[in-house]
Amino acid sequence: MTTTGGMLDSEQSEFAIEEFLALEQTKDLLRFSTAGSVDDGKSTLIGRLLYDSRNVYEDQVRAVTGTRVGQKHGVIDFAQLTDGLRAEREQGITIDVAYRYFSTQRRKFIIADTPGHEQYTRNMATGASTADLAIILIDARKGILTQSRRHAYIASLLGIRHLVAAVNKMDLVEFSEEVYRSIEGELEELVASFGRAKLVTIPVSALDGDNVVEASERMPWYTGPTLLEHLEAVPVWKEEASQALRLPVQRVIRPDQNYRGFAGQIAAGTVRKGDVVAVLPSGQSSRIASITTFHGDLDEASAPLSIAVTLEDELDISRGDVLVDATRLPQQSSSLEASLVWFDGDRLETHKPYLLKHGAQTVSARVSRVLHRTNIQTVTAEAVSSLAMNDIGVVQVELIRPIFFDAYEENRASGSFILIDPVTNATVAAGMIRGGLQAAGSGDVARQKAGVIFAEDDSMAAAVESILLAEGWPVVTTCVQDEQLLRALLSLRVAVIVRATGGDGLNLNGLNVLHVSDFVGQDGAVEDGDAAAAVVDALRNWSGVAGQKGDGR
Amino acid sequence: MGSSATLEMVVPSAAKLSHLQMLEAESIHIFREVASEFQKPVMLYSIGKDSSVMLRLAQKAFFPGPIPFPLLHVDTGYKFNEMITFRDEQAASLGLDLRVWRNEQALADGANPVRLGTQRCCGLLKTTALLDGLRAHGFDAAFGGARRDEEKSRAKERIFSFRDRAGQWDPKNQRPEVWNHYNGRISPGESIRVFPLSNWTELDIWHYILLEEIPIVPLYFAKERRMIVRADSLIPVEQTFVHGLPGEEQWVRSRLRSLGCSPCTGAIRSDADTIPKIIAELVSFRSSERANRVIDHDQDGSMEIKKREGYF
Ligand SMILES: Nc1nc2c(ncn2[C@@H]2O[C@H](COP(=O)(O)OP(=O)(O)O)[C@@H](O)[C@H]2O)c(=O)[nH]1
Ligand SMILES: [Mg+2]
Chain G
35 MTTTGGMLDS
45 EQSEFAIEEF
55 LALEQTKDLL
65 RFSTAGSVDD
75 GKSTLIGRLL
85 YDSRNVYEDQ
95 VRAVTGTRVG
105 QKHGVIDFAQ
115 LTDGLRAERE
125 QGITIDVAYR
135 YFSTQRRKFI
145 IADTPGHEQY
155 TRNMATGAST
165 ADLAIILIDA
175 RKGILTQSRR
185 HAYIASLLGI
195 RHLVAAVNKM
205 DLVEFSEEVY
215 RSIEGELEEL
225 VASFGRAKLV
235 TIPVSALDGD
245 NVVEASERMP
255 WYTGPTLLEH
265 LEAVPVWKEE
275 ASQALRLPVQ
285 RVIRPDQNYR
295 GFAGQIAAGT
305 VRKGDVVAVL
315 PSGQSSRIAS
325 ITTFHGDLDE
335 ASAPLSIAVT
345 LEDELDISRG
355 DVLVDATRLP
365 QQSSSLEASL
375 VWFDGDRLET
385 HKPYLLKHGA
395 QTVSARVSRV
405 LHRTNIQTVT
415 AEAVSSLAMN
425 DIGVVQVELI
435 RPIFFDAYEE
445 NRASGSFILI
455 DPVTNATVAA
465 GMIRGGLQAA
475 GSGDVARQKA
485 GVIFAEDDSM
495 AAAVESILLA
505 EGWPVVTTCV
515 QDEQLLRALL
525 SLRVAVIVRA
535 TGGDGLNLNG
545 LNVLHVSDFV
555 GQDGAVEDGD
565 AAAAVVDALR
575 NWSGVAGQKG
585 DGR
Chain V
336 MGSSATLEMV
346 VPSAAKLSHL
356 QMLEAESIHI
366 FREVASEFQK
376 PVMLYSIGKD
386 SSVMLRLAQK
396 AFFPGPIPFP
406 LLHVDTGYKF
416 NEMITFRDEQ
426 AASLGLDLRV
436 WRNEQALADG
446 ANPVRLGTQR
456 CCGLLKTTAL
466 LDGLRAHGFD
476 AAFGGARRDE
486 EKSRAKERIF
496 SFRDRAGQWD
506 PKNQRPEVWN
516 HYNGRISPGE
526 SIRVFPLSNW
536 TELDIWHYIL
546 LEEIPIVPLY
556 FAKERRMIVR
566 ADSLIPVEQT
576 FVHGLPGEEQ
586 WVRSRLRSLG
596 CSPCTGAIRS
606 DADTIPKIIA
616 ELVSFRSSER
626 ANRVIDHDQD
636 GSMEIKKREG
646 YF
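Chains as they are written, first to last, in the numbering used here: chain G, 35 to 587; chain V, 336 to 647.
Simulated from the structure, these hints should not be mistaken for lab results.
Keep in mind it's a predicted model, so treat the numbers as computed, not measured.
Treat each hint with caution, since some may be false.
Below are the DSSO-like pairs computed for lysine-lysine, each with C-alpha atoms no more than 30 angstroms apart in a straight line [stated by the list, open to error]: (1) G:K307 - V:K375; (2) G:K61 - V:K395; (3) V:K612 - G:K61; (4) G:K176 - G:K232; (5) G:K232 - V:K351; (6) G:K307 - G:K61; (7) V:K558 - V:K612; (8) G:K307 - V:K395; (9) V:K375 - V:K395; (10) V:K612 - V:K351; (11) G:K61 - G:K232; (12) G:K61 - V:K351.
Generate the whole structure from the sequences, applying the supplied hints.
What follows is the structure, encoded as structure tokens:
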């Protein structure tokens with residue numbers, strides 16, 4: 035925390051406090067999780083981070099100074115600053131996710147401190163689910179253990195983009211660069227094999243504080259940032275705001291006849307007054323009439339704000355519906371392929387009814403098949419028929435009715451769910467949607483997005499149509515230029531070819547509209563076939579089709 | 336589209352939200368989830384600064400509609416008079432459905448912290464009263480203003496905290512909480528405590544009160560008050576059973592950092608009579624707020640024991 039130093043006399047304090055508060059208001063929020071095996075020094079590291087950045091209150095320090103048996107009086111036990119519950123103090127281990135808070139001049143931090151030993155994989159997944167960054171602790175003497183592999187894998191699986199490997203206890207390996215470099219190299223290979231996460235490795239001594247907050251003088255060969263410098267500098271990357279709108283309706287607010295607001299937390303994208311939104315599952319559309327907040331209406335609001343909107347038309351909308359960008363619709367399916375982290379003591383039973391909670395809706399579901407389990411020691415797939423506590427696997431889920439979703443890889447909020455046992459009410463699993471599954475033969479349809487193509491020329495229309503059909507798009511060709519009709523067709527996610535130059539006088543704002551004439555004769559003389567292919571490319575690119583990504587097994 | 340973009344490409348700085356906006360959005364989402372999924376939610380209203388922030392967040396969550404659940408104040412009978420006055424003013428001016436619950440039997444039997452000790456007194460007037468109040472009304476979800484940064488055992492508290500039929504909390508048997516998908520399913524007789532302020536820090540609370548101009552009890556602001564001065568402690572003179580030794584009662588410019596029962600809540604010497612001054616004091620003091628409450632110091636880990644028994 036920023037300290038303004040000592041006691042302030044009142045004249046000065048008013049002045050200093052204004053600066054302090056102005057700075058406070060500019061701070062953003064970084065959530066990170068920490069994972070490591072027992073005794074790697076996780077609690078010590080967090081205690082050190084809090085202490086050196088002056089976030090530990092003095093009475094807490096007093097309470098943990100020299101209270102452990104056999105410990106020198108007056109020596110701060112950093113680990114005990116963070117180990118909370120009696121049960122774990124008695125056992126001397128961390129058994130549950132603990133949340134810690136601290137801030138610096140630049141930003142506020144929420145730490146999800148997740149215990150490392152095997153039976154608590156679920157806690158690691160819990161902490162990682164909301165984290166922007168994950169710190170993985172490695173004991174320099176031991177190097178990369180199977181547990182470290184597992185930690186890196188879970189962080190990647192849960193979509194964390196920034197990984198930090200803190201190679202701890204460097205004081206016990208004589209601050210050896212050689213030891214560090216070999217761990218660093220091995221880690222880089224490992225993390226690259228899991229996907230897109232960015233890795234930064236830092237040599238530290240949590241006990242002595244080297245490279246935690248202050249740069250170490252004992253490792254001159256290391257020129258990178260200290261842990262805290264890195265935490266302060268990493269971009270808090272809110273891709274959600276620039277994605278397609280997803281607003282799950284949590285609640286309808288209707289204080290009187292004159293107001294009907296649809297309240298929810300924006301899961302992705304930006305909502306603007308006047309925007310056309312589609313309401314799912316009904317497929318109807320309307321415009322945003324207002325964005326209501328306690329402090330007055332807004333012109334726009336982005337994820338992850340909680341807001342309420344009103345619409346220009348009176349539509350029948352209730353909790354569980356989703357308002358979405360009418361031109362970039364989510365996928366829809368009653369059959370999902372998903373990664374599961376199994377939490378419950380009772381094993382997964384295929385065909386047993388579970389409840390799937392996704393956004394503001396809860397749907398009855400069954401797991402029809404376990405495709406594989408990931409062996410988290412070796413990170414390889416194994417054939418199994420069920421999942422037990424702390425297993426991670428890929429399954430096929432059948433829902434009693436379709437839901438609208440995005441792949442988890444693209445959107446954590448609309449691509450994740452939990453499974454609940456309807457008898458015990460336990461949360462039995464966390465799920466990450468990989469994609470929708472369709473009946474054989476129409477595999478890609480679920481990923482297609484919609485668009486309107488105006489084609490005056492019959493042969494061009496036919497060329498575009500044949501490419502679309504060959505790619506498996508549903509296509510409708512029409513001569514009718516009617517706004518309502520076009521919007522309705524698009525909400526069914528078909529490509530619509532209109533045989534006219536058209537578009538004049540139609541309000542197609544916000545829709546994916548292409549004119550074939552724009553593509554013909556580009557770059558001089560272009561063949562019809564090339565122009566048609568360019569149209570289809572534009573259709574595909576504009577609508578942000580996910581393509582083949584993220585669905586490979 | 337985000338998924339294939341590199342980190343460097345997407346930095347929508349205009350869309351950057353402050354930490355308070357993020358916290359507010361999270362809390363409002365929690366309020367709406369609970370109000371929609373439970374039969375009979377209630378907000379536990381303790382009159383303190385955290386309750387004041389909770390109240391504002393609840394107003395925001397359902398605006399322009401009213402707060403769709405009642406507030407419950409568990410009154411020990413030893414709250415400061417200024418707290419009760421403030422409570423009733425708030426209820427009247429905001430049109431709140433406020434219910435008050437007291438353990439009348441224990442009070443009639445003369446329960447007070449001097450006679451019973453703080454642990455037994457809290458057990459009867461807070462924990463028992465709370466559980467009885469919830470049961471009598473049949474509330475199935477209760478919002479509380481606890482924050483995870485307050486005390487070590489709270490650092491592990493879930494946002495939805497499951498309580499068995501006896502209202503008790505089992506730290507080893509909590510539901511995993513992933514993303515923002517909360518599982519609010521319960522069986523008859525069971526209930527859930529919900530902590531919408533879980534991720535707020537004490538500083539966040541004060542800063543939000545300042546920015547949002549949220550009314551708070553005047554006891555938080557420094558003025559000359561009658562105190563029993565004993566070593567480092569200031570004990571407010573309010574109840575007849577609280578006496579000082581000769582010379583211990585003095586006028587002291589002081590204020591309260593957290594509001595509890597008058598016999599058990601220590602005051603601090605302070606000049607902070609505005610919120611910016613309170614924040615300045617907070618950042619220069621470096622002493623966590625519950626340290627001034629007598630109850631938590633009785634025994635190491637005492638808060639956790641209280642929680643297991645049903646206290647917040
Ligand atoms: N020499 C040395 N010991 C450390 C370091 N970090 C932690 N330790 C010790 O390792 C032991 C385990 O640390 P702790 O933080 O409890 O590990 P956790 O189980 O990962 O939380 C304790 O005795 C620490 O004092 C370090 O950097 N150097
Ligand atoms: Mg530990």
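Between G:K61 and V:K351, does the CA-CA distance stay at or below 30 angstroms? 10 angstroms, holds
Given the hinted pair G:K61 and V:K395, is their Cα-Cα distance within 30 angstroms? Measuring from Cα to Cα gives roughly 23 angstroms; hence the hint holds.
Taking only the CA atoms, is the gap from G:K176 to G:K232 under or equal to 30 angstroms? 23 angstroms, holds
Are the Cα positions of V:K612 and G:K61 separated by 30 angstroms at most? Holds - the C-alpha atoms of G:K61 and V:K612 are around 20 angstroms apart, at most 30 angstroms.
Given the hint that V:K558 pairs with V:K612, test it: the Cα-Cα distance must not exceed 30 angstroms. 13 angstroms, holds
Would the hint linking G:K307 and V:K395 be met if the CA-CA limit is 30 angstroms? Holds: G:K307 and V:K395 sit about 20 angstroms apart, inside 30 angstroms.
Take the C-alpha atoms of G:K307 and G:K61, compute the straight-line distance between them, and say whether it is at most 30 angstroms. 28 angstroms, holds
Check the hint pairing V:K375 with V:K395 against an upper bound of 30 angstroms on the C-alpha distance. 20 angstroms, holds
Does G:K232 pair with V:K351 here, judged by a C-alpha cut-off of 30 angstroms? 21 angstroms, holds
With the threshold set at 30 angstroms, check whether the alpha-carbon distance from V:K612 to V:K351 stays at or below it. It holds: about 29 angstroms lies between the C-alpha atoms, which stays within 30 angstroms.
Does G:K232 sit within 30 angstroms of G:K61, going by the straight-line distance between their CA atoms? 23 angstroms, holds
Decide if the proposed pair is consistent with the structure: G:K307 and V:K375, CA atoms, cutoff 30 angstroms inclusive. 35 angstroms, violated
Violated hints amount to a single one, hint 1; each of the other numbered hints is respected by the structure.
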